[in-house]
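Protein chains in written order, with full-length UniProt numbering: chain A, 1 to 99; chain B, 1 to 270; chain C, 1 to 627; chain D, 1 to 523.
Rather than coming from a laboratory, the hints here were simulated on the basis of the structure. None of the values given here were measured: they were computed from a predicted structure. One or more hints might be untrue.
Claimed, not checked - Now the in silico label distances, taken between C-beta atoms and shown as ranges:
(1) B:Thr98 - A:Arg84: 19 to 27 Å
(2) C:Tyr571 - B:Ala107: 56 to 64 Å
(3) A:Asp93 - C:Gly589: 25 to 33 Å
(4) A:Arg84 - B:Phe16: 26 to 34 Å
(5) C:Arg567 - D:Val51: 33 to 41 Å
As the list claims (entries may be wrong) - Now the stretches of chain B that chain C is said to cover, found in silico as 3 or more residues with beta-carbon under 8 Å:
(6) 100–114
(7) 164–172
All residues carry an ideal CB built from backbone N, CA and C; glycine is no exception.
Single-letter residue listing:
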Amino acid sequence: MNPVNYLYLSALLFTIGAAGVLIRRNAIVVFMCVELMLNACNLAFVVFSRMHGNLDGQIIAFFTMVVAAAEVVVGLAIIVSLFRSRHSASVDDASLMKL
Amino acid sequence: MQLAVSATQTSTGEAFQFWVLGTVAVIGALCTVLMKKAVHSALCLAGTMIILAVFYLANGAYFLGIVQVVVYTGAIMMLFLFVVMLVGVTAADSLKETIKGQRVWAAVCGIGFGVLLVAGIANANLKHFDGLKQANAGGNVEGLAALIFTKYVFAFEITGALLITSAIGAMVLTHRERTERAKTQRELSEQRVSDGKHLPPLPAPGVYARHNAVDIAGLLPDGTPSELTVNQTLRGRGQIRDVSSEALSDLKALEQRSTERLGREEEAAK
Amino acid sequence: MENLIALLIAAPLLGAAVLLCGGRRLDAVGHWLGTLLAAVSFGLGVALFADMLGRSADNRAVHKHLFSWVPVEGFQADVGFQLDQLSMTFVLLITGVGTLIHIYSIGYMEHDENRRRFFGYLNLFLAAMLLLVLADNYLLLYVGWEGVGLASYLLIGFWQHKPSAATAAKKAFLVNRVGDMGLSIAIMVMFTTWGSFAFSTVFNQVGETGWGRNTTVGLMLLLAACGKSAQVPLQSWLGDAMEGPTPVSALIHAATMVTAGVYLITRSGAIFNQVQDVQTVVVIVGAVTLLFGAIVGCAKDDIKKALAGSTMSQIGYMILATGLGPIGYAFAIMHLVTHGFFKAGLFLGAGSVMHGMNDEVDMRKYGGLRKYMPVTFVTFGLGYLAIIGFPGLSGFWSKDKIIEAAFAKGGTEGWILGAVTLLGAAITAYYMTRVMLMTFFGEKRWNEEETHPHESPGTMTIPMIVLAFGSVLAGGLFSINESFVKWLEPVTSFSHGDSPVSAGVVTASTIVVLLIGVGLAWAQYGRKPVPVVAPRGSLLTRAARRDLLQDDFNHVVLVRGGEHLTRSLVYVDHTLVDGVVNGTAAGFGGLSGRLRKLQNGFARSYAVSMFGGAAVLIAATLLMRAV
Amino acid sequence: MSFPLLTATAALPAVGAIATAAVPAERRTAAKWLALLVSLGTLALAAVQLVRFEPGGDRYQLTESHAWIKDFGVRYELGVDGIGVALIALTALLIPFIIVAGWHDADPLETHSSRWRPTQGFFALILAVEAMVVLSFEATDVFLFYILFEAMLIPMYFLIGGFGDRAHEHGDEAAATQRSYAAVKFLLYNLVGGLLMLAAVIGLYVVAGTFSLDEIAAARANGSLDMATNTERLLFLGFFFAFAVKAPLWPLHTWLPNAMGEATAPVAVLITAVVDKVGTFAMLRFCLQLFPEASKWATPVILVLAVISIIYGALLAVGQRDIKRLVAYASISHFGFIVMGIFAMTTQGQSGATLYMVNHGISTAALMLVAGFLISRRGSRLIADYGGVQKVAPLLAGTFLVGGLATLSLPGLAPFVSEFLVLVGTFSRYPAIGVIATLGIVLAALYVLVLYQRTMTGPVKAEVQGMPDLKVRELLVVAPLIAILVFLGVYPKPLTDIVNPAVQHTMSDVHKKDPKPVVEAAQ
């Protein structure tokens, strides 16, 4: 098997995650889908690292994880405070961006 | 785990592993998206992540593989589950789309995007794999450490700062400062009197309804459910057993019947 | 010695700066300071004159390069002075008459709270006028040219609280600007033609260029002269300029500034001599103005406006003379100087009369003043005799020469010009006699209870007396041995021309027309009493009272037309130019109003567009690579 | 490495802007003094620039060059030629006056008002504008210039929209509406211009492969960079359009009267005397240097537009009823002269245009600031509301007249020199256009004198009675400006010495020589 297949898998997971972001209304699930996309990217990085024979790709994947962790913390905090104030975790309820 | 990673072809073992686990991962991802309850989604996601951890290991990223399990699947997913619990574990999302055309466009964009990505990868000349033998020669963790603390040291420091900031940010966002003394029971009752609303304690749930469980709203004399009777948090989670529709349909039927009868009486009067 | 030239200008300039910036502290001494500096300038002028007389006729011109003014590649504008006989004549006239009028103003403006400012302006005028006549190139001359325009603007509008004065000042400046436009175009043509506008370069090379450019330069210079010297068609401002205090009218609008046009044409004689056609135009302008001013002068009841008409007419004589070429330049300047004396004297006399008559200017409300103001009467009378060309007095010598020169032009032209100048002399005699009779003779026509005519103080009468001496003697002195002509000859060149009529005949006929004019005036104003309210008069009289309808023409064509033009342009700017832009903006507004509906506020909707955008970007990247 | 003088001159006001903005609200006066000190410091640095600049030396001096965005070859490249150094001096000179003149313009209103007037912000914004304008005069990298060209719109937008005259004939609300209209109009016009310029900047990069003015100009000069005629013309138009909006040239001028009318007088001066100069300066530096052939190709049209600007601006000035709008239209007329001088492609024209930029800055500042003092006394911008001011406030009237006389280019005051040079320069190549433009001097006299007559002379109006004369602070603003006007009118040599070599360079860029005098040519 050619390791390129990992990349196809990564692409597939990414697309599924993206579709989830578009389809789901529950903010928590949306967040999970974002995580899924990030993980798909990480997979690609790791595979690229293998492809090029150096560890830079893994480093980037590592940083991605760190940033993802930070993002999750803040994101979930936002969800919690939103839920407190609106009693809802639906992203459609926050439609104040409309003019 | 096989340490030897060949240049262009993986071992049969890895190929087998890829096809089996890859399929599971995709199913897990699809379930994450499609499960009605958030807690199910979370569990499916955790599964997918563990599989990805395995793939990391297979690709020679030993450190990342472990981190993926420990940090991601362990810590982050637990955080997710915690929040899901807070928000309401049983609340099931309606998967019915409310925005016009959203599904269609999402599908078009999603499929188009996927096709393009795949086409891009297929198009790229990715025949040659160097393998990590050399890079991992001194040990994967040592190799990463050497890079992190030399070439990427600034990025590393900055991500450290980012983590701290986000931790504080999360605290600030969720923390509610109590700016005044908590009211005593006496003061609360006085306030109730002065406000003139609900002099007696709040009504119990299930009043006038067929059940008196805490998640069932009490009915007002006209048959509409009273907001006051159910705990706020339950209401927020959407965990109210909805009896109102039942009650309303009963009422409707009643009215229907009475009008029918009255109508008949009128006709008779004529 | 030539270093004094700069000082000549610096003295009054310093005065102007000190007086205008000095503030109220200088109120007490301001007039003395101004007068002193004017006198200093006159003293320097006399010293330079003495120095000049000490040299032979050909070496009299002095040049002084002060500094390079605008040093730009290919464009050399310098601050440099040229003092030759022509400039010298003007310097003495300007500083001399100027100093006298400063002295006069001390008394005349005594009760004005802004007397210091007045003297500052007068000093500024002196500096600018001196710069005008001393400049050695046209650009610097232009500075003086506009400088005197500014001083004239400030002084005409000195009593700014009077709307009429403010309007008159603005009008004077604007009309002058039209003339200035001519001067600046002339300078531009000079620059492109000769690469310089220094007198020396231009005059040396003027023969090498074609008819077209010389004609353009000549006509444009003439336009400039018309503006400054109030010649037809730019004469309309001079009458209104009498709104200024009388010393101003005497100095600027009679003796010096208005004659700058004559100076300009004389100075540029080398150019005008090249193009006969332009000279013809100059002569026509002079002749027309001569009659125009004289006719207007006959109809005015305002003593200053009558004198203004006379000024216009006398300058017409001078311009006509300059148009005759070398035959006339010297006589033009000679008439200019004598006119400077007697017209300044007349104006100061008029000012003295007004001073004693509560600032009344209507001659119909004068009458019989000779008993009340003897000094004024005598000096005014001498000025009067001089201007009408009474034999032996200044005007006789200078005007007679111009009439002779006009005949000497030769051919039909000569006859026509001779006739016009003679006619002008007759009318001059008529209107000046009219002024004299209405003011100093006949019955009293003023209200004795309100008005107490009295003689003016010494500071005012002394300058009048001095000027009267000039009016009487100057012409005669100049004509001894043709000394004035010889003095100017190195600058202006001179030729006698051949007159078809002998000098004696000309003199005789001038005396005859003079007597006719005086007689007519006496018949009308001396024999019978002058009505206090002006009679309706003939069509010509009424037109002349309105400056021969020139102002009405200006009003209808220029003012009204201009108002309509600007108003419609404002409208166009607002609706059309702005409208196109606003219309575009409105179009975009409508479009974005529709696009705005895409903004439904749902984050997921936006996410779809982002996602689609990302897909498009990938597609584009792939396509670019494929290509 | 030597002291980065150019950077320092721009950095000082930039830092000063931040510092001023950071002063706490209650210490308003301290913020004002800080801003004034910073602007004076900048003036000192500009003076050092003038001293260090050698007129006979290299074309660009005091240069600095640092890599900035490597991938696109964008460099932080600075350098000044004579024109730049003169305009920097002008900017640095005017800002202290603007600050002092606007000393009380941003004070909180005594009356109840819904609009917040952050005093510190006003002065910080002025300093920010100064920093950007100075740096844009110094930039020799096209991209750097573009960024500054656009960025200065932001503080200007707030200055116009946020701070207006204290009183308005239709009340506070109407004033606020008109102000924001003017500010938005200003922003939109200039943004559209900037957008086209951005396209041209990118196009230039694609064609030339670098943003460095020096490199491109050198490559053009030695023929290694050969642009197709059409490409060059399109790029030229992109640049020129942006500059013509800023300058502003007819028919892109309508934002200026609105902006100058609604802004306070010091801000109006900032617009017309400082910021707009960037437009004309850029025409000289970028249009002519980068696209010499296209510039020559477009010259006839541009000259016609310039002449229309001159006459049209003057005629509209005559027709105005609002003092500030009148000055704005007069400025449009003057900008016509500047553009005409630049594109006449003669030494006299371009020297004149450069001098004109400086002189117009000073003369307009004098006129407009005095007009601002007048307006602040009576609370009205309408000419008809005044009359007889000369009687009650002679100093004010006198300085107003001097400013007006400078505007109508009276000889002896600085603008005359430049205006005449422009006219001569234009006339020597395009006589007809020169003659028509000369009409502008008559019209200038008309609008200035009509303005003076209606406001200052005549009987004293009741509302004008008791109007105080200029105060010491105001006199401190006006007197030096007038002194400079007189000095440069009599002795412009210091300025021309600096400007001349730069103009020579520009002339050789466009491969043009002055037309020879007819007599010389005949020989």
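Here is what the structure says about each hint:
1. Taking 19 to 27 Å as the suggested C-beta distance range, the pair threonine 98 of chain B and arginine 84 of chain A conforms, at roughly 23 Å.
2. For tyrosine 571 of chain C and alanine 107 of chain B, the Cβ-Cβ distance of about 58 Å falls inside the hinted range of 56 to 64 Å, so the restraint holds.
3. The hinted range of 25 to 33 Å is satisfied by aspartate 93 of chain A and glycine 589 of chain C, whose Cβ atoms lie roughly 31 Å apart.
4. A hinted range of 26 to 34 Å is violated for the C-beta pair arginine 84 of chain A and phenylalanine 16 of chain B, which are about 49 Å apart.
5. Checked against the hint of 33 to 41 Å, the C-beta distance between arginine 567 of chain C and valine 51 of chain D comes to roughly 51 Å, which is inconsistent with it.
6. Residues of the segment 100–114 of chain B with a Cβ under 8 Å from some Cβ of chain C number 8, which satisfies the need for three, so the listed coverage holds.
7. Evaluation of the coverage hint for the segment 164–172 of chain B: breached, as 0 residues show C-beta separations to chain C shorter than 8 Å, against a requirement of three.
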